[in-house]
Structures are given as C-alpha cells and as structure tokens.
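Undergrad: Sequence:
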Amino acid sequence: MPASIWPFLGWRDEPSQSPPPVTVTVTGVRIPADGTPAHLLPLNTISDSTGTDSFLIHVPDLRVHWNVGNSWDFRDLHRLDFQLDSYIERSHHLRLKHDLQQVLLSTRRLKPEQLLHLRQRHLLHQQFHILQQQQSSCAGAYYVFFSFAVDDLPENLSVPAWISHISNGDQRHYRRDVFLVKMAPCEYGEDGCAIYEDIDPLFLDVLAEGPLPGASISKSPFYNTM
1 MPASIWPFLG
11 WRDEPSQSPP
21 PVTVTVTGVR
31 IPADGTPAHL
41 LPLNTISDST
51 GTDSFLIHVP
61 DLRVHWNVGN
71 SWDFRDLHRL
81 DFQLDSYIER
91 SHHLRLKHDL
101 QQVLLSTRRL
111 KPEQLLHLRQ
121 RHLLHQQFHI
131 LQQQQSSCAG
141 AYYVFFSFAV
151 DDLPENLSVP
161 AWISHISNGD
171 QRHYRRDVFL
181 VKMAPCEYGE
191 DGCAIYEDID
201 PLFLDVLAEG
211 PLPGASISKS
221 PFYNTM
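Under full-length UniProt numbering, the residues of the sequence shown are numbered 1 to 226, in order.
Quick caveat, the hints were computed from the structure, so don't treat them as lab data.
Hints may be right or wrong, so weigh each one.
[What the hints assert, rightly or not] Label pairs and their computed distance ranges (CB to CB): (1) 213 x 190: 37 to 43 Å; (2) 133 x 46: 33 to 39 Å; (3) 23 x 204: 34 to 40 Å; (4) 85 x 46: 34 to 40 Å; (5) 198 x 63: 19 to 25 Å; (6) 148 x 34: 17 to 23 Å; (7) 25 x 169: 36 to 42 Å; (8) 171 x 191: 32 to 38 Å; (9) 212 x 172: 20 to 26 Å; (10) 151 x 34: 16 to 22 Å; (11) 151 x 35: 33 to 39 Å; (12) 70 x 132: 16 to 22 Å.
Note that the Cβ used here is the ideal one computed from N, Cα and C, for glycine as well.
Generate the whole structure from the sequences, applying the supplied hints.
TA: Have a look at this one:
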C-alpha cells in the first residue's frame, strides 16, 4: 500500500512486517457436534492474521474440520480461566497492568498491529471458573475456538451450558466441532507469540462434570454493553 495512504487510516507509520511463521503441535480437546464424547487430539498451529484470534500470532489449524464455505473465515474464540479459589491470579492481574501501562505510557510508540492485538485480547468474553482440589492439574487459561458459519455448518448442541453461557441467560451458538487449547503459565513469549501447553486428560472430566456450581464469573466489556 502506498505510504501516503496510511495517514488516512489514522496510522503514522506503515504496519510492521508479520513475524515469521510459527508452527507447533499441541494436545487440545475436540467437542464433536455429532454427540460423541469430547476427546483429546493433536492440533498443529499456523500463523494467520485474518481473524479475531490474530493476537495469538499462531492458532490451531482447524480448516480440515471447518472445510465448508466460509466456516474457517467465520471463526471466533473466547476465554476460560480455571482457578482453585475465587481470587483472580496475580499473574493475570500483572498482565492486565502491563498491557494498560503500554497503552497509557507508550501510545505514540505502539504500532497499529500492537494496539489491535491488545484490543482483541482484552475485549474477549472471559469466564472464571473454580475447580475442585482434585482437578488442580487443569488450572490455567484456555481458549475455545468455534465457527459461527450458520449457513455452512450444523449447530453443535454438545457444548456444556456453563461454557456457552454469555450473560443474562443468553447462550452462545456454535457450529460443528468446537476446540479448546490451553495456554502455558507465561502465555506469551518475548516475540509476542502464544505459548501453548498440552491439555491434561483429566480436563475431559471437568468438561463432563463442570466446575464448582455457583462459583463462576463472566466478564466482557463487549457483552456488558449489549
């Protein structure tokens, strides 16, 4: 794009080049739309900057599962945080504080892509759930990846209600298979790329049984304004 176009977009500088492609294989969870039990499976990641998940830099390659029409392009995600108590983990608080400091102190130096990624990361619908003590190995942050291509894919009615809940009794609707991946405790590397870790097999029991009842918090700047 010609350099003269960027000021019209509100950008002083041309966006930086995308980081080199990142590919890893991680154990995730698949919730099939056909009613069969959720199960673990290996997922390869690809670099893709076209979706609302671009702040992760590399995301699970689900094109083989969402292979009809625009089902891959019409994808979204939301976040689940599983804890052992009702206090938001210090690491989560510090990450929010760090990102806020970036915006408040370094706005002139932040590139448009960085600002976009901050918005994507913090405007996601996010749920906090409390685990039972015997499920401690499942504590951490997870992202739920789903397609909303209503014209191309059948609805998935197998996603637990405690995951699909938005607010005020509303439920999110998913199309075909739904997938979850887990973030490593540090979540992001120095290059800004997401760091994933394998999901513990015990998490399948968490999906089936659900977290502790009455101990969940749902927050989202977007949905709270609806």
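Undergrad: A separate judgement is required for each hint: does it hold in the structure or not?
TA: A quick look at each hint next to the structure:
1. At about 40 Å, the CB distance of residue 213 to residue 190 agrees with the hint of 37 to 43 Å.
2. Between residue 133 and residue 46, the C-beta spacing of about 37 Å keeps the proposed range 33 to 39 Å intact.
3. For the pair residue 23 and residue 204, the supplied restraint of 34 to 40 Å is violated, since their beta-carbon distance comes to about 26 Å.
4. At roughly 36 Å, the beta-carbon separation of residue 85 and residue 46 lies within the given 34 to 40 Å, and the hint holds.
5. Between residue 198 and residue 63 the Cβ separation comes to about 22 Å, which falls inside the hinted range of 19 to 25 Å.
6. In this structure the supplied range 17 to 23 Å holds for residue 148 paired with residue 34, their Cβ-Cβ distance being about 19 Å.
7. A beta carbon spacing of about 39 Å between residue 25 and residue 169 agrees with the range 36 to 42 Å that was offered as a hint.
8. Between residue 171 and residue 191 the beta carbons are some 37 Å apart, a value that agrees with the proposed interval 32 to 38 Å.
9. Checked against the given bound of 20 to 26 Å, the beta carbons of residue 212 and residue 172, roughly 21 Å apart, stay inside it.
10. Range check, residue 151 to residue 34: Cβ separation about 20 Å, and the 16 to 22 Å hint holds.
11. With their beta carbons about 22 Å apart, residue 151 and residue 35 fall outside the hinted range of 33 to 39 Å.
12. Checking the proposed 16 to 22 Å range against residue 70 and residue 132 shows it is violated: the Cβ atoms sit about 40 Å from each other.
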